[in-house]
Amino acid sequence: MENLSRKIFEKVSKGRMDKETALELLKSIKLEGMNEKVNDDIAIIGCSVQMPQAKNLEQFWDLITHKKEVIKKFPRERQKDCLGFIKEFTSLEKQDIQFSHGGYLDDVDQFDYSFFNLSPKEAALMDPNQRLFLESAWQCIEDAGYGGKRITGSKTGVYLGYADWPVYGQYISKKQPSNISIASAGNTPSLIASRIAYMLDLKGPAFLVDTACSSSLVAVHLACMALKNNECDMAITGGVKVCLMPLDGVYEIGIESSRYNTSTFDDRADGTVWGEGTVSLLLKPLQKAVKDRDHIYAVIKGSASNQDGSSVGITAPNAAAQEQVLLEAWKNAGIHPETIGYIEAHGTGTKLGDPIEMDGIQRAFRHSTNKKQFCAIGSVKTNIGHLDSASGIAGLVKGIAALKYKQLPPTLNFDRPNRNIAFEVSPIYVNDRLTEWEKEDFPRRCGVSSFGFSGTNCHVVLEEAPFITKQNITKTQFNEMNKFHLLVLSAKSQSALKELIFKYLDEVALSENDIKDICYTSNTGRAHYQYRLALIASNKKDLLQKLDFLSSIELQELQNEEIYFGSFRIVASQKQQTNGDHTSISEKRKLDEQAVELLNHDFQNDDIKILRHLCFLYVKGADIDWSLLYRTQQRRKVPVPLYPFQKKRCWISTNILDDASDDQRISLDCHDHPDDQVEIEEISIKDIVLIGLQDGTYTSLQKKIAHVWANILGMKEININDDFFEIGGNSILSIKMEVDLEKKYDLQLTSDEIYEYRSIKEIASYLNGAEISIEPMEPFNDLYYRSCFYNSMFPIVNHVGGDMMFFLLNDMIIYEYEKDKRVEKFSIQYAEAKPLNQIFDEVGLHVKYRFHNNNIVEELKQCISDGKPAVIWVDAFYESIRKDTYQKQHLDHTILVYGFNEKEQLFHIIEHDRRENLTYQKCKIPFSDIEEGCKAFSEHFAKENGITPTHYIFERKSDNDYTQQNSSKKLYQTIFLNNLLTYKDKIYESLEVINLFSHSFKHKTSSEAHLRRNLDELIEFLNDILNAKQVEKYRFTKLFHEGSEVIYRLEQIIRKWDFIRKGVVRFMYLPVYKSESFTLCYEKLTELATDEKQLFELLRVELEQTIIQRQMRGKKDVY
Amino acid sequence: MSIDIKEKVLNMLKENLEVSEEVDIDQLGFDDDLSVLGVNSMTFIKLVIAAEMEFGMTWDDEELDFSNFSTINNIINYISSSTENQTLG
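Quick mapping for you: the protein sequence lines, in order, are chains A and B. The first sequence begins at 1363 in this note's numbering and counts up one residue at a time. The second sequence begins at 629 in this note's numbering and counts up one residue at a time.
Source of the hints: derived by calculation from the structure; they are not laboratory data. One thing to keep in mind: the hints can contain errors.
To be verified - Straight-line Cα separation of at most 25 Å, PhoX-like style, residue types lysine-lysine; simulated pairs: (1) B/K674 / A/K2436; (2) A/K2348 / A/K2196; (3) A/K1442 / A/K1536; (4) B/K674 / A/K2250; (5) B/K642 / A/K2250; (6) A/K1434 / A/K1713; (7) B/K674 / A/K2245; (8) A/K2364 / B/K674.
Stated by the list, open to error - Looking from chain A toward chain B, a few residues come up when the C-beta cut is under 7 Å (computed): (9) F2087; (10) K2424; (11) V2427; (12) R2428; (13) L2432.
For glycine and all other residues, C-beta sits at the position ideal for the given N, C-alpha and C.
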């Protein structure tokens, strides 16, 4: 500036410039300040405000312009939440508690913990200051259009003014020492600043500033200094204040008003009232902000901070120091004080403080101007009270709003000026009504003061945002008048998404911003969550219509070419059931690649097909870099709706109302409990609800881990696919998990391993030693059917929800008699009505027959990993779990394999331990046994390699290929009667065989010698008969009602067969031949020949009658 | 008397069943299901015959029921009652 002025003087003296022009130039240079100063101005590009009755800047300005005073009595609902603190930290008796008046928030217990990946328990144990500022900082970043991953990893600093005693944390340490480890991070004041840095991976400095009342403004000043010094590229700055023990007469510092209001500069002023609120601002060098086309609220021209030093008393204000801080700030801003139109005073409203502040201001102005009453003054404390450490930034926000709305805000409670202030001769006037802020030759400017009880003073100079001409923008956009606008919205829950739609509907309708900028900011300036919506609109009206439509319907029902909805959940791999909204990592990668390909294509925004495809990919879960959509455009960031937090109550509460004694019950409140009084107690393993698996069956290990999680995180419902660190886990809690797993269940898992295996499912399978098991797979022991193959296969049929009755009904039991060269042979045969494969088909199974088992272990592992169980043929000689055959007898046999454990080299199988014991059980068998057993089967039993199946792999048919028949008695009866009639002749033939057998029996038991010769053969056949009869009985119970004649007759028959068998077996064990007992058996046998024929007739008649009756009934219904 | 029967029954089980090394009959509870020992309809007859010889009684074949052999206690009760009847009769 000096250089320029010197040149002007030179020109005047040389007569090249007239004096008037020179004077004008010099004056404007003086008022405009130094142009080179512009270089380090700081832009305010994001703003979040939480004040009583004001949830954003607009509402806050509304409150100020409507001269609202939000001072009220401490809300009733909040009083009980504070009683515990009061009892713990004061000596007041309940009846003496007097809550004070103030500018209180309605609630400070509401918080969207799951949005911030916190557990309900940790959130409840977190200082409300930390919760409030976290939400505020998040919103301020979103407000600037930098949500999502936009500033992740950036050099963004956090400068927070905070000066409070940690009541919440102290209370927890004293009353709930067991929760200290979980509560520590949430109650360490410095983490109030750094938690947002942690969440977004911000690399700039993050710290608290404590200079008492001036803390937050000093924080702003330090943030500006840091930006200017390149310590960071952006800075979040703010203040937070919550009152947890607002009591009359306690913790007062002597500036409290007895009339419950703040009457700054008024003669009646007798102090202030306290208030609560949170403010966050996002700051950035102005030049950079302009270049990045950020939305700029206002500009910080300059700032300064100093100390009272040795004043009258350590807490008393000092006019000289205040004067000095203003002068330094003006100098730093490079402005002339005459260009300041408004000063937001610290204005505590004390008789002594107000005149001192005014004295300081006046003295500062008088250094450079004698003008009177040109600068308005006011204090937001008259509206909202004194926000202590957050008061400075509350004043700053008021200044920002005044510049944004270009109006001078009114101050309240000003009737008669403080008699110790001579306003009429000062440069200042008290503005007690809303007036337009007329523009002069220089930008509108305002100063904001905040002075600390600690003696640290601060002053900040604001200027209105630079006017960015539309001209520039339209020029560059001349060629990009695209016809279609793509907007994506997303949220962490469907309810939040729905709320977001409503917010857009409201805010877009009012917004004057270009729809292109609205879409651009929404798409690029927000995180993308798993509930997603994408739509294409042709203009703002169309957009609003679509939003309106969306607000009125269920999102799931959406079917529209220009509106897309989807929700998804990323799961680790295909192995986890990929149903419904599960997207595996590899599937997602494919979606991402498709999106990249589309966007890399020579892209025209007009290409509606590509836009639709992008919408489709987006709602499926693709990560899409939307900025690529705008790479040829010069889009601006504009304010668009913020994330609608789904807040729930989070509080440690105390119950001292019922009980005056010290053993007060302290409880942890979580949203689920309407009565708000839940004792801290172990969540029992029974109360835990696990979700995430389609079949809803969880292993006991998974339940145990869930039990530990539930108690660490304070939640009862857990998805076994959830990432510990996404639902509230952190490094401290992971250590607690390690300790609790060992303490409670003796499970060893280091906290390092927790970082590797993050879900309950992963941990469980890791602890199992890479165990994979197809569950549920239960042994079937109701019946031994035909051969080991069927019994190995039935659990699989049950597993896929198939009905094994289809197998049982398909087989007709036939007595067979063969005579070959005088050798008689009686046997039981099962005649199949339909081929086995068709039955597999009917129960929803696809069966792959395998004829080679040379790589059996790997093959089994692979198919089990794919969710396919197998039945394998082995030689039981190598089965170490068999008592009867292992290393004793070669036996061809089947085993069901449904799981394996890689670490222990074991297969999970279903098998019985010897022939006599037909109870199948789940057991484990070494890989090596299976390998040898299969090899031996191929060598000894397979008729010819490559022709006899060696194993069978079972797979559930997809629902599309198969519709399961509804099993019912009716269906069974129809199938069975059909088969019975088909095999009628064969059955008659078979019944005649009984007669033949009885003759044969008579002969074979006629003497001891005969009997001895034929004993084994007889016993084998009788055993087969009794097994077949058990099958028959099982079928009958499914075909007929209990107590029916058919079942009764069958039981009689079984008893007779059993009697005969006993007679024969008795001789085997005790070879004393008694001819009379065999005569008795023979008599029974002749009876049986008749009995069985009668039973068959009865069976046929019964079935026919039931079916005919059913058809008649059916016909009646028709008529 | 009843102690005597118990011992005899246990011995009878040990002699007549091929019990695996893992299952110790002495460890078995008197009300545990004997199917773990592999008792089925065939071995059941074997046990009946063994009991008849041991206790000098005869089972009426019509009355034989597998459920009478499902636990050690069942066997003992059945045997006690039939031997008593015999003495009385």
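Structure-based check of each hint:
1. The hinted pair formed by B/K674 and A/K2436 meets the criterion: a straight-line CA distance of about 17 Å does not exceed 25 Å.
2. Of the supplied pair hints, the one linking A/K2348 and A/K2196 holds, its CA atoms being roughly 16 Å apart against a limit of 25 Å.
3. For the given pair, A/K1442 sits about 19 Å from A/K1536 by alpha-carbon distance, which is consistent with the 25 Å threshold.
4. A threshold of 25 Å between alpha carbons decides the hint, and for B/K674 with A/K2250 the separation of about 23 Å falls inside it, so the pair holds.
5. A hinted pair counts as satisfied when its Cα atoms are at most 25 Å apart, and B/K642 with A/K2250 qualifies at roughly 21 Å.
6. A threshold of 25 Å between alpha carbons decides the hint, and for A/K1434 with A/K1713 the separation of about 23 Å falls inside it, so the pair holds.
7. Between B/K674 and A/K2245 the CA atoms are separated by roughly 20 Å; this keeps the pair inside 25 Å, and the hint holds.
8. Distance hint between A/K2364 and B/K674 is fulfilled; the C-alpha atoms sit about 23 Å from each other, no more than 25 Å.
9. Restraint check, A/F2087 versus chain B: the minimum CB separation of about 45 Å is more than 7 Å; hint violated.
10. Annotation: A/K2424 was flagged as interfacial toward chain B, and the flag holds, the nearest CB pair being 5 Å apart, inside 7 Å.
11. At a threshold of 7 Å, the smallest CB-CB gap from A/V2427 to chain B is about 4 Å, leaving the interface hint in force.
12. Proximity of A/R2428 to chain B holds as hinted, the smallest CB-CB distance being about 6 Å (cut-off 7 Å).
13. Restraint check, A/L2432 versus chain B: the minimum CB separation of about 5 Å is within 7 Å; hint holds.
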